[in-house]
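Using the hints, position chains X and Y against chain F.
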Amino acid sequence: MVEKLKDLMSRCYIALILLFLYIPIFVLIVLSFNNSRSRVVWGGFTLDWYRGLFANAQIREALITTLVLAFASALIATIIGVSGALGIHAMSRRNYRIMMIFTNIPMLNADIVTGIALMLWFIHFIPLGFGSVLLAHITFNIPYVIMSVMPQLQRMNISIYEAARDLGANALYGFFKIMLPQLMGGVLSGFFMAFTMSIDDFVITYFTKGAGVNTLSTMIYGEIRKGIKPEMYALSTLIFLVVLCLLLVVNHVGARNEKKNRKYYLAQESNEREEFTL
Amino acid sequence: MRKRKNAVLLAVVLGAACVSLAGCGGKEKEKRELTVFNYGEYMDPDMIDQFTEETGIRIHYEEALTPEEMYTKYKSGAIEYDLLCTSDYMLQKLIEEGEFQKIDMDQLEYKNNIGERYWEFSKAFDPENAYTVPYFWGTVGILYDTTKTDGPVDSWDVLFNGKYAGEIVMQNSIRDTFMVALKYLGYSLNSDSEAELREAQELLLKQKPDVQAYLVDEARDEVVAGNATMAVVYSGEAYLGHQYNENLAYVVPKEGSNVWLDSWGVTKYCDDLDAAQQFLDFLCREDVAKKNFEYIYYSTPNEAVLASLSEEERADESLVPPDDATENCEVSVQMSQETTDLMDTLWKELKAD
Amino acid sequence: MIKRKNINKRAWFSSPYIIWVVGFTVIPMLVIFRYAFTAREGGFSIENVLALFDPIHFKALLFSLKIALGCTVICILLAYPMVLAMRRLNLGQRGFALFIVILPMWMNFILRILAWQMILSPNGILNFIVQKLGLQPLAIANTGTAVMIGVVYDYLLYMILPLFNAIAEIDEDILEAARDLGAESLTIFFRIILPLSLPGLLSGIVMVFVPSMTSFVISDILGGGKMQLIGNVIEQEFTKSANWNLGSGLSVTLMIFVLISMAFTMKNDVEGKKSAIW
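Residue numbers (my numbering), protein chains in the order written: chain F, 1 to 278; chain X, 279 to 631; chain Y, 632 to 909.
FYI, nobody ran anything at the bench for these hints, they're computed from the structure.
Beta carbons: idealized from backbone N, C-alpha and C, even for Gly.
It is possible that some hints are incorrect.
Unchecked claim - In the EDC-like style, the derived pairs of lysine to aspartate or glutamate whose C-alpha atoms are separated by at most 16 Å in a straight line are: (1) X:380 <-> X:550; (2) Y:690 <-> X:631; (3) F:6 <-> Y:815; (4) X:309 <-> X:552; (5) X:568 <-> X:324; (6) F:229 <-> F:48; (7) X:568 <-> X:591; (8) Y:871 <-> X:622; (9) X:532 <-> X:605; (10) Y:871 <-> X:346; (11) X:486 <-> X:631; (12) X:569 <-> X:322; (13) X:353 <-> X:377; (14) X:389 <-> X:374; (15) X:309 <-> X:331; (16) X:441 <-> X:488; (17) Y:640 <-> F:162; (18) X:401 <-> X:374; (19) Y:871 <-> X:616; (20) Y:690 <-> X:627; (21) X:569 <-> X:327; (22) X:389 <-> X:564; (23) F:229 <-> X:319; (24) X:353 <-> X:374; (25) X:389 <-> X:631; (26) X:484 <-> X:627; (27) F:229 <-> X:495; (28) X:568 <-> X:322; (29) X:380 <-> X:552; (30) F:229 <-> X:322; (31) Y:640 <-> F:166; (32) X:546 <-> X:374; (33) X:371 <-> X:627; (34) Y:871 <-> X:619; (35) X:532 <-> X:608; (36) X:401 <-> X:608.
What the hints assert, rightly or not - To give an idea of the chain X side of the interface with chain Y (calculated C-beta under 10 Å), a few residues: (37) 320; (38) 323; (39) 349; (40) 441.
Chain F with its partners taken away, still in its complex shape (with noise of 0.2 Å):
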């Protein structure tokens, strides 16, 4: 009774953190299918939006290079981030903390200082463009990543890998069967964050693009003045509906699997298959 009752107000309390992290989405959604160009004005309902977001090529452009600039980026910064974090972890207590001073350091400049001084230093040796940003945005992602992983490597069980170097394992066969899978949570969140940030910086990416390179942060950015198009809350609406849906239906799959799962490996401990789940 008292269990369930907890339950309940967990519940209840994880329902609230997300009404409040979901009030502006909902403002953003209501504004997409707003018939006025400005954002404070109700001009009625129309999906007109919907329509000039499939004929804007600059948008479509500007959707697909942020895609694929915050998914690189967050890829390449986890890959170098955990084996960075592997690294630094082995490393010995003073240069281990000069090596977590450096890593904060992208995080301590406001995006301005970052942003002007990888401009001023990309352009000795890179024409500004995608490269360039790409670049700049794995700089910054990179202490995310790190910052996520190695709390858990400082709880990790390491003598299990130093017992199958030992074995003569070599790293790599090491690194992903032993280590990673107990990475994982870490190496995931990570990822997300350095995904997230990517995809929301814009003063980084403005000073490191080239001409005609556009992401939709710097592309909104640059509404500002004239009032943000209309078609930008109706694109984040459609980003949002489809990424809500697709984790319905991988949740959905998810939760049958287990079920099945269940069945088969019911003496399995259950903190085995916690990893796997982010």
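Showing chains X and Y alone in chain F's frame:
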């Protein structure tokens, strides 16, 4: 084994480098191209395609939000922009720094579409009309909700007399806000006298508790939505505001104000001056200027377009500021370094208060 | 110490990261250092580096500290119950819940902040509801409270993710055992959950505290430009006033200041063992 590991590391690094470089591609030089730098949402995107269709010259188009951002990115030399559209004082700075090349105005078939009045305005920063071609212009004034004000709104005084305390939105920009105070005090908006600037700051400090917010781009929306009674805005914003809420009116206060002008210049990097001039001429052409006007709705210096406007549009003072509205107005010019630094400090003091 | 050899070898894993740090963090920082230690007219000067202690800048710094500290504390207070509540969900639901928390952050940052402005403004959505309930309208817009809501909203995710990773890993058996031995919920929290989640908490603190100090868009839009954070000052020096030297100087000092204060606070906690961030 050690070697293999290093090889893997190398592969990862190289892989990252390749991915990053892949996006850059080399520039082809045979095709005629122009790299154009403009404010955000400051040209009808269809016009860019149309220009390429007509002339075969490709456009790389890049946008910025503020003149200072443009300056930073331009000056870094990262991208060799051919054409730049920015505001009066920034144009002056670029001309003085030798960043622009002279335009052969005789090559511009449609340059006479730009009215004489605007070439005169330009002389404030381009004395010989040799470097810049006017694009859009306007004034700075007060956008206010007529249902919430009583008595005339025709002076900057309404912002300072406390009558509309908490209902005022000022510009979150150093020069625009100091302009208001300087003009109210009867000084030039280009004043470089420390005493005058300090007096202006004192006035603004006194006003700060009455100010609801210092905004840039959202100022118009706040009045449209009824969150504020009045805001200092650019005339083009006022026209849009009026479209969304017909109770709004716009006034250029009688003490005078700032008349601003955004113009095009050709940078020293441009090695195809002919292409750049074709582009400028294209922008002056009536049909193109009209399309851009209908996209942006700022005041156009193009008299051919003005002549084609409806009675109603021509009567709108925020769209077509009449001569007497700009009588006491000044164009902002580039300030000396000392004055800029002083204003910067005074502004920070105002904000920190 | 027997495994020392393997450990040292493992440090090699970090070489791509070290290359990256040198190439894209250290060298661009040197550019910034050069600006910081140069007077605007040229020549060496430490004036810009000391400028942070000018009364105007120091005031902005204090206000930023207040916002960043408040934001961090609120994020911790909101995130702990959230992750504990999420822990109560079954495994399949956990991953789903986590994605639901991340999803709103994939909508554009500027759009979300503008949506908050619409919610909080005097004639906004919140006041509409409040007045429907027959209450006095709230004056949140353009105050420190609005800025606080904005930063908490934007950074909460970066507290939830690392905390969740840490807490999801705690073995239910340990908690069960503690309960069986008669430990109360609070005791369990402070004696077991908190210590075990400490590395994640520290990561979260860094990822929330540090970036929230240098944000400027939130204070400009939600604070109505009346609040001046140190991020606003730096941004102003770089863009509006084009005084890169002062901007760099402020930025460098801020960075050192935060690094030192982090070193001090962490030192006592982690004697003898490596923390997640230092």
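Evaluation of the provided hints:
1. X:380 <-> X:550: Satisfied, since the Cα-Cα distance of roughly 13 Å is no more than 16 Å.
2. Y:690 <-> X:631: The given pair, whose Cα atoms are some 9 Å apart, holds under the 16 Å limit.
3. F:6 <-> Y:815: 14 Å, holds
4. X:309 <-> X:552: 14 Å, holds
5. X:568 <-> X:324: It holds: about 12 Å lies between the C-alpha atoms, which stays within 16 Å.
6. F:229 <-> F:48: 12 Å, holds
7. X:568 <-> X:591: Distance of about 13 Å is within 16 Å: holds.
8. Y:871 <-> X:622: Distance of about 9 Å is within 16 Å: holds.
9. X:532 <-> X:605: 9 Å, holds
10. Y:871 <-> X:346: The hint holds at about 6 Å.
11. X:486 <-> X:631: 9 Å, holds
12. X:569 <-> X:322: 7 Å, holds
13. X:353 <-> X:377: 9 Å, holds
14. X:389 <-> X:374: 24 Å, violated
15. X:309 <-> X:331: The given pair, whose Cα atoms are some 14 Å apart, holds under the 16 Å limit.
16. X:441 <-> X:488: 9 Å, holds
17. Y:640 <-> F:162: Status holds; Cα separation ~11 Å.
18. X:401 <-> X:374: 14 Å, holds
19. Y:871 <-> X:616: 15 Å, holds
20. Y:690 <-> X:627: 10 Å, holds
21. X:569 <-> X:327: 13 Å, holds
22. X:389 <-> X:564: 10 Å, holds
23. F:229 <-> X:319: 10 Å, holds
24. X:353 <-> X:374: Distance of about 14 Å is within 16 Å: holds.
25. X:389 <-> X:631: 49 Å, violated
26. X:484 <-> X:627: It holds: about 12 Å lies between the C-alpha atoms, which stays within 16 Å.
27. F:229 <-> X:495: Holds, at about 14 Å.
28. X:568 <-> X:322: 10 Å, holds
29. X:380 <-> X:552: Status holds; Cα separation ~12 Å.
30. F:229 <-> X:322: With Cα atoms ~13 Å apart, residue 229 (chain F) and residue 322 (chain X) stay inside 16 Å; holds.
31. Y:640 <-> F:166: 13 Å, holds
32. X:546 <-> X:374: 12 Å, holds
33. X:371 <-> X:627: Answer violated: residue 371 (chain X) to residue 627 (chain X) is near 26 Å, above 16 Å.
34. Y:871 <-> X:619: 11 Å, holds
35. X:532 <-> X:608: 13 Å, holds
36. X:401 <-> X:608: 12 Å, holds
37. 320: Since chain Y brings no Cβ nearer than about 18 Å to residue 320 (chain X), farther than 10 Å, the hint is violated.
38. 323: Constraint on residue 323 (chain X) not satisfied, violated at 20 Å.
39. 349: With Cβ-Cβ at 7 Å, under 10 Å, it holds.
40. 441: This interface hint is violated because 18 Å lies over the 10 Å limit.
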